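Protein chains: 2
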Amino acid sequence: MYRTLFLFLTLFSLSMSSVVSQEYATYVNPFIGTSNYGATFPGPITPRGMASITPFNVAGKQNKLEKDSRWHSTPYVNENTFLTGFSQVNLSGVGCPDLGVILVMPTTGEVETNHLKYGTTYSNEIAKAGYYSNTLDKYQVKTEFTASKRVGVSKFTFPKGQSNILLNLGLGLTNEEGAMVQIISPTEIEGMRSVGSFCYNSPEDAYPVYFVAKFSKPADKFGAWKKPRTYEGEEAKWMTYNGKTRIMEQTTKMVVGDSIGSYFSYHFDKEETIEVKIGVSYVSIKNARENLETETANKSFDAIYKDTFNEWNTLLSRVKVKGGTEEDKINFYTALYHTLIHPNTLNDSNGDYPEIKTGKTGHTSGTRYTVFSLWDTYRNLHQLMSLVYPEQQSDMVKNMLSMYDENGWLPKWELNSTETFTMVGDPAGIVIADTYLKGIQDFDVQKAYKAMLKSANQLDNNPLRPGLKNYLEKGYLTTDDGGSVSTTQEYNASDYAIAVLAKKLGKKNDYKTYKKRSISYRKLFDKSFKLLRPRNSDGSFYKPFDPLAGANFTKSVGFIEGNAWQYAFMAPHDINGLIKLMGGDKSFVKQLQKVFDDNQFDMANEPDIAYPFLFNYVKGEAWRSQKLVRELSNQYFQNKPAGLPGNDDTGTMSAWLVYAMMGIYPASIGDNVYQITSPVFDAIEIQLDNKYYSGKTLKITTKNNSKENRYIQSIKLNNKTLNRYYVTHEELVNGAVLELEMGNQPKK
Amino acid sequence: MYRTLFLFLTLFSLSMSSVVSQEYATYVNPFIGTSNYGATFPGPITPRGMASITPFNVAGKQNKLEKDSRWHSTPYVNENTFLTGFSQVNLSGVGCPDLGVILVMPTTGEVETNHLKYGTTYSNEIAKAGYYSNTLDKYQVKTEFTASKRVGVSKFTFPKGQSNILLNLGLGLTNEEGAMVQIISPTEIEGMRSVGSFCYNSPEDAYPVYFVAKFSKPADKFGAWKKPRTYEGEEAKWMTYNGKTRIMEQTTKMVVGDSIGSYFSYHFDKEETIEVKIGVSYVSIKNARENLETETANKSFDAIYKDTFNEWNTLLSRVKVKGGTEEDKINFYTALYHTLIHPNTLNDSNGDYPEIKTGKTGHTSGTRYTVFSLWDTYRNLHQLMSLVYPEQQSDMVKNMLSMYDENGWLPKWELNSTETFTMVGDPAGIVIADTYLKGIQDFDVQKAYKAMLKSANQLDNNPLRPGLKNYLEKGYLTTDDGGSVSTTQEYNASDYAIAVLAKKLGKKNDYKTYKKRSISYRKLFDKSFKLLRPRNSDGSFYKPFDPLAGANFTKSVGFIEGNAWQYAFMAPHDINGLIKLMGGDKSFVKQLQKVFDDNQFDMANEPDIAYPFLFNYVKGEAWRSQKLVRELSNQYFQNKPAGLPGNDDTGTMSAWLVYAMMGIYPASIGDNVYQITSPVFDAIEIQLDNKYYSGKTLKITTKNNSKENRYIQSIKLNNKTLNRYYVTHEELVNGAVLELEMGNQPKK
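First to last, the sequence lines map onto chains A and B.
Residue numbering for the first sequence follows UniProt numbering, starting at 1 and increasing by one per position.
Residue numbering for the second sequence follows UniProt numbering, starting at 1 and increasing by one per position.
Errors might be hidden in some of the hints.
One copy or two, either will do: identical chains are not told apart, so a pair holds if it fits within one copy or between any two.
Unchecked claim - With a cut-off of at most 25 Å between alpha-carbon atoms, the simulated SDA-like pairs for lysine to any residue come out as follows: (1) K217 to T358; (2) K450 to L65; (3) K227 to Y241; (4) K217 to T361; (5) K244 to D68; (6) K221 to S402; (7) K360 to R289; (8) K286 to P186; (9) K627 to H363; (10) K543 to T479; (11) K691 to L401; (12) K61 to N709; (13) K322 to F82.
Just so you know, the hints here were simulated from the structure itself, not pulled from any lab data.
For clarity, every value in this text was computed on a predicted model and none was experimentally measured.
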């Protein structure tokens, strides 16, 4: 880890010196989150790219974290050392294994197809926005990678002698198997790799990633390999090749199997460089080829990298920060970078994409995004997109409605047009309502509303809201249902989203109905504990009740990925109601502080991540939020591979940090406000969109800000003193100037 | 077997009554050879067709002969009863399992993908040239099949209710695995199935059969299935679907795996008929589609069947027989039919074909044939083709030279452009020289000669003649080499072919050299046994020597698939020399008769199949040949499923019968003569080709011919008495009229 980091910083400093200060993309350190289960990857990707490349170092017992030894969700772990290829499609910051396939690997000498034998350690790792490089120790091959939106681009510098480029379609992060490969010519390979079964769910929805690979130089020799399964019948005694890898030299025929690959071999008289472009598609090989041609034909590695870097720079520079340390900027822009990876592009350059569930090919003139980890992202990531990248957020909502058109349901945890049904709740409507409230309204809101009502009310065959019958009859799910307390809280939040949207749409009765439904979680409040507690189907509280059970992903009755303490304050639509329920301000603050004091707060999981901001709701207690947010940011988010608290959750953790460092946070649902805490920087400027918003610049500035001066002394909004610790979205997007006077003493 | 045969004969008689007598194709009984390891299949194929369909009944323990329980080479066994589909590419009369894939299966009710569950018994089997039908007992579905050259055509008559058409790409006869399938629309499926590793050889040459299936009615529902291998890693505990078949409903994505398939489902209100056309190609899916369109677009099942029947009829009627029994005609025309299956067409309708070894796609304006089982077919099948179908034989020789161009070597046992290296010897040159001698000379004979010399002389890396060094130095292979005696005999015969071609080409020195080389087998003659006997590398005879060892495919030193008796007379190029070696006429006849008397003669394997004709070489002993050939024909070749002596060996056994029943046989090499024995029929007329030959009719007639009158009393050739028991090829193709006077007493 030290080695890597040291190198990165050294090279980073070098590159920093050669760029102008406006190049915000140079602050991105893609190594952040590549340890401590952050599950990010260090390789290149464009903003919301379909293709990405990462070193793949999770196979082989030499590695500390081996992919098959546990529930392992990442293609790359920074402290691992044994590399077996570079995968061409990858997920960032997720908690389940998938993708991490189509492994390209340069080697030298004789062709060796067993990854445990051809694998190698590596040195000289460099990762930047849109670029990754290392040197393979065993082969002394320099690798470099960049990517356009749908094409991964590799550049290998080989020593003289025999060199090989393997395309391993067997090895991968996904637990799905099966691939096809066909060498089309000495410069071109096409094929597919099966992926899917994300979180070990929906294996019947496993699907192909199609690809076309083009090489800058024709191979002197080529071939494919196949390792068949071991045949166990009577005839095995004649099959001398039973279960053994077979090499098919110069084959141009289609090869299929669970463990297959292809190789291109070269004989070089001197050091030589080869570029490999791999276009991908989830629709067809034809489209993969078209993606490749459209994006990279006749374009050099350097030109592609430059364009990708510029694309990052353009997007990241929508938020300009001043002040703070270099580390602060690295942490900030890397976090912003991580929020711009997922949801990512699913459609091909011609607009084709696989529809969800129908088996048909859909077509979009805009962007069809995928990877909607909504249980995570409804809490802050989509709000951040709405604020800074509303044109993207608009597309994402439109995508959700397209999914509803295709599949009959809004998405829950959508991945490449498969619904993985991961996690609980019915989060899409919360995102849709919030987006609409924020002024992004260029979507069919009536359809959206209809879709939200469907999942809120359809009792039978409702894939989004299991346990709905109990919820509607009793107001809560019972211990007969899974995660009864958590899920009740989630459904409440979703119902509140329906209520606020109903109000906006003038549906007064619906507003009342769903507002009432949204506070039914209160029935689970146990005064004796001042906590939410599971109830049995007869209405009695579940016994025995251990409020600590469920922490650290241990099993607990009533709670999903957390315990009663971690879920105690998750009523983002009813915070004032919750304060009353808890017995008023004093009791609420005492109980909330206890979460942190007793070390029950989990920075790495979503249910409680808004809690640090909730002290703002009690007069005179906002300083606690200011203190906590600074502390948590420093403790959990750092410029190092282990610099994320855990899974980035497709950017949710990173979105938390972006907001936290800017001093605003969307802790609530349906009221369109941001809680104000202490920004890290002297100034933050957000270039506001001019279609959805004012087109002005939102400015947040601080005076006397420092590590010690972490407490807000006074706030001015547009030059007028602000006597509250929140600011509305409307105020912000009209081009607010928010000035914070900082000091080292809490203002109580 | 009885059931089947009875039905066949009943229906056959019915159909016979409705056709005119010239329809020779009505005599074909495709059930002949479908038991007793004949390895033929009963389903439809055109002459030399690429596609064919056969009921597949060798999976499931219900069957007497289960494909995985032994070295099993047939997709269909007549006495088996449990049917699990209809395979679309098949080999006829071979001894190793391959092809027998792309299984189509109609079912009713819910979709069941496990062949052990969806399989069924069947009734009402009918098989004719170009047509097969049965009724599936479990589903009461009537099946009918026909084929054009590259397209298998299925017709299913379903009862009302839910019906399904499965396309099972997992199950198959080949031991190779791996397939791809993609549903393109509710009427079209494309994909591929891996095949190869014939005789458990050359697994690295395994290759795909590509296909496109078109359905006459759009499916109401469709899907694919995949049974993944069982994952055994740590994560198996979360994979509830581990190793289980998964159904992917309405998928149009590419699916790959070892055990996959697709289904189309229909809901019928009444009895309905669906036709399925499956085009195949060994080049590409595109070509499979083009084959389908070119041959069958807008053509009904009945029209395709009619054309295929006519094609058979046209070819079979080149030989017109009169007299004999109905059974004789059935045996004869079925045998001729079996000689017209392999070699079969490899090229697509556009001329594309996969080159051998190169990985490239070749192109032909004629026909590229495949399935050259030359160790078998050099002995009689190609001679029959040269006589009756010289235009085909010409193409076959040209194909061999193309293979030489592509691969650097003539073929040995070529299968779909893979060299399987099955059996021993270097037989291609024998076929080429014989074809040239027979007057079919429109090929590059200089190239052919060069190719023959190459395998005869290249010491290193010679795939055709292992052991060549010993052979050249000592005149024979030694016990250090495999099958030393047999292989020496084979190389001798091949060298003689070079000698006669050298003579024809005016290469006198070569003639001498190779003629000398061709008789080196004599060095293996052990006078004490009057048999050929293996020699050790020091020149001594191998001990102990058991002349009986090696029969019935048991292992023996020195002999391939046979024993010393079975190989004792295999000097087809030096029969007179062998007679001398044996000690003269008397000793030779005694020894030869002993082969038959001691039951050492094996009708089912090639080395000795010419022996019954060898008595013709000794004056006054020809009656023995006449007697034996009649007896063997009657004993081993009958109108019943077990009506072949064993593997048909891609028509070699059948060619034997065709010749035997016509009363001529090419028992020797290089002298262009046929031995005359007793024909079965009153008259045989062969329409001679007018490009290569005279265009006249070759007539063989008999007088007083009967079962008892099996001995030739006198022979007239073109109205002149013939005082010999052979006729030359030249005499025949000039339009000979050969008249035989028969009687019940041997003429000694």
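Cross-check of the supplied hints:
1. K217 to T358: between (40 Å within a copy, 20 Å between copies)
2. K450 to L65: The answer is neither: 46 Å in one copy and 61 Å across copies each exceed 25 Å.
3. K227 to Y241: Classified as both: same-chain Cα gap 10 Å, cross-chain 23 Å, threshold 25 Å.
4. K217 to T361: between (34 Å within a copy, 22 Å between copies)
5. K244 to D68: Intra 21 Å, inter 20 Å, cutoff 25 Å: intra and inter.
6. K221 to S402: between (46 Å within a copy, 23 Å between copies)
7. K360 to R289: both (20 Å within a copy, 21 Å between copies)
8. K286 to P186: Cα proximity of K286 and P186: in one copy and across copies (19 Å, 21 Å).
9. K627 to H363: neither (49 Å within a copy, 78 Å between copies)
10. K543 to T479: Classified as within; 11 Å inside a copy, 84 Å across copies.
11. K691 to L401: within (21 Å within a copy, 72 Å between copies)
12. K61 to N709: neither (48 Å within a copy, 82 Å between copies)
13. K322 to F82: For K322 and F82, the Cα distance exceeds 25 Å both inside one copy (40 Å) and across copies (79 Å).
Of the numbered hints stated above, those contradicted by the structure are hints 2, 9, 12, 13, listed in ascending order.
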